[in-house]
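A.B. asks: As a plain string of letters, each chain reads:
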Amino acid sequence: MNDIRTQEMNLNFGPQHPSTHGVYRGVFTMEGEYITKCVNHIGYLHRGIEKMAESRTYTQFIPYNGRLDYVSGMLNEEAYVRTVEKLMGISDQVPERAEYIRVIMAELQRIASHLVFYSSMALDMAGFTPWTYGFRERDTILDLFEMAAGSRMMPNYMRFGGVAADLNEEFMPALRKLLDIMPKCMEEYHGILTGNEIFQARTKGVASLSREKALNYGISGPSARASGIDYDLRRDEPYGIYDRFKFNVPVRQTGDTFDRYIVRMDEMAESVKILEQAYRELPEGPVLAKVPKIIKPPAGEVYHRIEHSKGHLGFHIVSDGTAKPYRLRICSPCFVNVAVFEEMAVGLHLQDAVVAFASLDIVLGEIDR
Amino acid sequence: MDKKMDRQALVAFLNEKMDAQAEVFEDNTEGSIKVSRLKLVETMQELRENPQYKFDVLMNLSSVDYPENFTVIYHLFSIEHKHYLTVKVEITKENPCWVPSVSSVWKAAQVHEREVFDLMGILFNDHPDLRRILLPEDFAGHPLRKDFTQQAD
Numbered sequence: 001m002n003d004i005r006t007q008e009m010n011l012n013f014g015p016q017h018p019s020t021h022g023v024y025r026g027v028f029t030m031e032g033e034y035i036t037k038c039v040n041h042i043g044y045l046h047r048g049i050e051k052m053a054e055s056r057t058y059t060q061f062i063p064y065n066g067r068l069d070y071v072s073g074m075l076n077e078e079a080y081v082r083t084v085e086k087l088m089g090i091s092d093q094v095p096e097r098a099e100y101i102r103v104i105m106a107e108l109q110r111i112a113s114h115l116v117f118y119s120s121m122a123l124d125m126a127g128f129t130p131w132t133y134g135f136r137e138r139d140t141i142l143d144l145f146e147m148a149a150g151s152r153m154m155p156n157y158m159r160f161g162g163v164a165a166d167l168n169e170e171f172m173p174a175l176r177k178l179l180d181i182m183p184k185c186m187e188e189y190h191g192i193l194t195g196n197e198i199f200q201a202r203t204k205g206v207a208s209l210s211r212e213k214a215l216n217y218g219i220s221g222p223s224a225r226a227s228g229i230d231y232d233l234r235r236d237e238p239y240g241i242y243d244r245f246k247f248n249v250p251v252r253q254t255g256d257t258f259d260r261y262i263v264r265m266d267e268m269a270e271s272v273k274i275l276e277q278a279y280r281e282l283p284e285g286p287v288l289a290k291v292p293k294i295i296k297p298p299a300g301e302v303y304h305r306i307e308h309s310k311g312h313l314g315f316h317i318v319s320d321g322t323a324k325p326y327r328l329r330i331c332s333p334c335f336v337n338v339a340v341f342e343e344m345a346v347g348l349h350l351q352d353a354v355v356a357f358a359s360l361d362i363v364l365g366e367i368d369r
Numbered sequence: 001m002d003k004k005m006d007r008q009a010l011v012a013f014l015n016e017k018m019d020a021q022a023e024v025f026e027d028n029t030e031g032s033i034k035v036s037r038l039k040l041v042e043t044m045q046e047l048r049e050n051p052q053y054k055f056d057v058l059m060n061l062s063s064v065d066y067p068e069n070f071t072v073i074y075h076l077f078s079i080e081h082k083h084y085l086t087v088k089v090e091i092t093k094e095n096p097c098w099v100p101s102v103s104s105v106w107k108a109a110q111v112h113e114r115e116v117f118d119l120m121g122i123l124f125n126d127h128p129d130l131r132r133i134l135l136p137e138d139f140a141g142h143p144l145r146k147d148f149t150q151q152a153d
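Protein chains in written order, with UniProt numbering: chain A, 1 to 369; chain B, 1 to 153.
Since the hints were derived computationally from the structure, they do not count as laboratory data. Hints may be right or wrong, so weigh each one.
Unchecked claim - A partial selection of chain A residues facing chain B, derived with a Cβ cut-off under 7 Å:
1) GLY43
2) TYR44
3) LEU45
4) HIS46
5) GLY48
6) ILE49
7) ARG211
8) ASN216
9) GLY218
10) TYR303
11) HIS316
12) GLY321
13) CYS331
14) ASP368
Ideal Cβ positions, reconstructed from N, Cα and C, are used throughout, including at glycine.
Using the sequences and the hints given, assemble the complete structure.
C.D. replies: The following block contains the structure:
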């Protein structure tokens with residue numbers, strides 16, 4: 001190949017490439033089929049949400065969180081609500097039942113988010129059938145959200161001190177149905193994609209990320225666990241009632257595209273385990289603590305993070321004692337994780353870069369905020 | 001997030017070892033330490049390398065526009081020891097206001113610093129590629145400053 005003379009050229013990857021879940025542009029410098037340099041361009045979706053937070057009350061800001069990572073709104077809301085609860089010092093007042101409902105919603109959302117990942121990654125390799133499989137169960141989960149919150153993607157369901165409303169009577173039977181079919185569905189997902197030779201050839205050993213580099217870039221979540229960083233906030237710093245559940249944290253060592261894929265697939269199975277336990281143990285009782293109508297946290301600041309489907313989502317809130325946050329910073333996992341792609345893409349084929357990018361599982365709404 | 005480390009001892013150590021001009025900072029909910037910007041990079045390097053602290057992850061880099069100064073806030077985390085530290089740097093509202101870049105210590109700082117530069121207008125000395133990141137290159141002003149008002153309100 002080396003004797004074929006090629007000319008260096010720049011190639012725009014996006015914006016609005018379907019694999020980027022939004023608007024991302026990567027400017028690749030190409031040497032033939034290989035990428036020699038990559039520059040990330042983000043910001044096309046920037047809505048100034050951090051600034052908007054300063055002119056809204058704490059409660060008014062809850063719905064904005066669903067619009068950050070719009071394929072896992074429940075988790076974004078949970079992160080924000082828990083941070084404010086910590087700032088208020090009311091974390092321990094959340095009723096039992098509400099804590100269980102939060103776990104159910106969070107784990108359902110994690111599965112739904114990973115299914116979007118599974119589907120879109122397959123689609124990026126021109127696999128249309130797996131895409132339909134993944135979106136089938138995701139739709140069932142969104143049905144569940146509709147029953148609970150009245151909305152499918154922007155739930156606005158979490159509240160300070162609990163959740164907005166109790167589950168209706170349809171919910172638990174529908175959840176049971178989903179839990180019953182999930183193991184079979186997981187088999188199907190694996191059957192159609194994981195064992196596929198083309199899929200393996202295009203993901204194994206591609207775009208490896210070492211543990212050291214992942215730490216240096218601050219990578220978190222499944223992408224970090226694929227590189228051997230054995231850390232999951234649900235297990236290592238349990239918030240809410242996560243210390244009551246038994247589940248494993250999938251960890252892989254090579255950090256290639258395949259590992260990032262398989263870690264997420266294994267996580268779905270673990271989430272089903274958590275849901276089974278929560279289904280069995282869900283207690284009766286109120287779902288909302290008695291909290292003041294107008295939230296006025298004491299002056300001070302707090303940083304809190306939870307295990308989001310894409311990594312560690314943290315909120316840094318500075319309060320001056322009034323009903324509106326003085327400063328609200330959202331530290332989103334996608335914003336941090338996408339930065340490593342500039343380095344990861346170098347040396348890859350163009351087609352492999354598309355898959356490697358998909359394996360980071362980013363959502364631009366959360367990057368740009 | 002509740003694992004608190006002995007901040008007094010840490011501050012004493014940093015001041016003795018490298019004259020970091022550090023002090024313990026009480027901000028009601030979480031304690032943090034305050035460091036002079038002149039000693040910031042050395043201090044961060046030490047916090048990352050020293051086996052006793054080993055802060056190998058920069059989780060978050062944030063900035064606040066207080067009436068009296070700008071504060072840049074670093075949230076550090078150690079995977080090995082599972083402990084947290086918040087480091088603050090206060091800078092007066094001079095023009096241009098700057099802090100040294102810590103992107104040589106953690107690469108994660110590169111994008112965070114670009115964002116703080118973009119939205120808060122704080123310069124990071126020795127940053128390899130300090131450009132706007134979320135807003136267009138020709139955007140005027142820095143929206144997260146308190147004197148930047150929204151049109152809609």
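A.B. asks: LEU45(A) was flagged as interface toward chain B. Is the shortest Cβ-Cβ separation under 7 Å?
C.D. replies: Check failed: Cβ of LEU45(A) comes no nearer than 9 Å to chain B, outside 7 Å.
A.B. asks: Hint validation: GLY48(A) versus chain B, beta carbon distance must be below 7 Å. Holds or violated?
C.D. replies: holds (6 Å)
A.B. asks: With a cut-off of 7 Å, does the beta carbon of GLY321(A) approach a beta carbon of chain B closely enough for the hint to hold?
C.D. replies: For GLY321(A), the interface hint is violated, since the closest Cβ of chain B sits about 10 Å away, which is over 7 Å.
A.B. asks: Does CYS331(A) pass the interface check with chain B, least Cβ-Cβ distance below 7 Å?
C.D. replies: Because about 4 Å separates CYS331(A) from the closest Cβ in chain B, which is inside the 7 Å limit, the hint holds.
A.B. asks: Hint validation: HIS316(A) versus chain B, beta carbon distance must be below 7 Å. Holds or violated?
C.D. replies: At about 5 Å, which falls below the 7 Å cut-off, the nearest Cβ of chain B leaves the hint on HIS316(A) intact, so it holds.
A.B. asks: The hint names ARG211(A) as touching chain B; please verify it with the least Cβ-Cβ distance against 7 Å.
C.D. replies: violated (10 Å)
A.B. asks: Have a go at the TYR303(A) hint: is there a Cβ in chain B nearer than 7 Å to its own Cβ?
C.D. replies: holds (5 Å)
A.B. asks: Tell me if the interface restraint on HIS46(A) is satisfied: Cβ within less than 7 Å of some Cβ in chain B.
C.D. replies: holds (4 Å)
A.B. asks: ASP368(A) was flagged as interface toward chain B. Is the shortest Cβ-Cβ separation under 7 Å?
C.D. replies: holds (6 Å)
A.B. asks: Tell me if the interface restraint on ASN216(A) is satisfied: Cβ within less than 7 Å of some Cβ in chain B.
C.D. replies: Nearest chain B Cβ about 5 Å off; hint holds.
A.B. asks: Given ILE49(A) was flagged as interface, is its beta-carbon under 7 Å from a beta-carbon of chain B?
C.D. replies: This hint is violated: ILE49(A) lies away from chain B, its Cβ roughly 11 Å from the closest one there, beyond 7 Å.
A.B. asks: Can we keep the TYR44(A) interface hint, with Cβ of chain B closer than 7 Å?
C.D. replies: violated (9 Å)
Hints 2, 3, 6, 7, 12, counting from the list given before, are not met by this structure.
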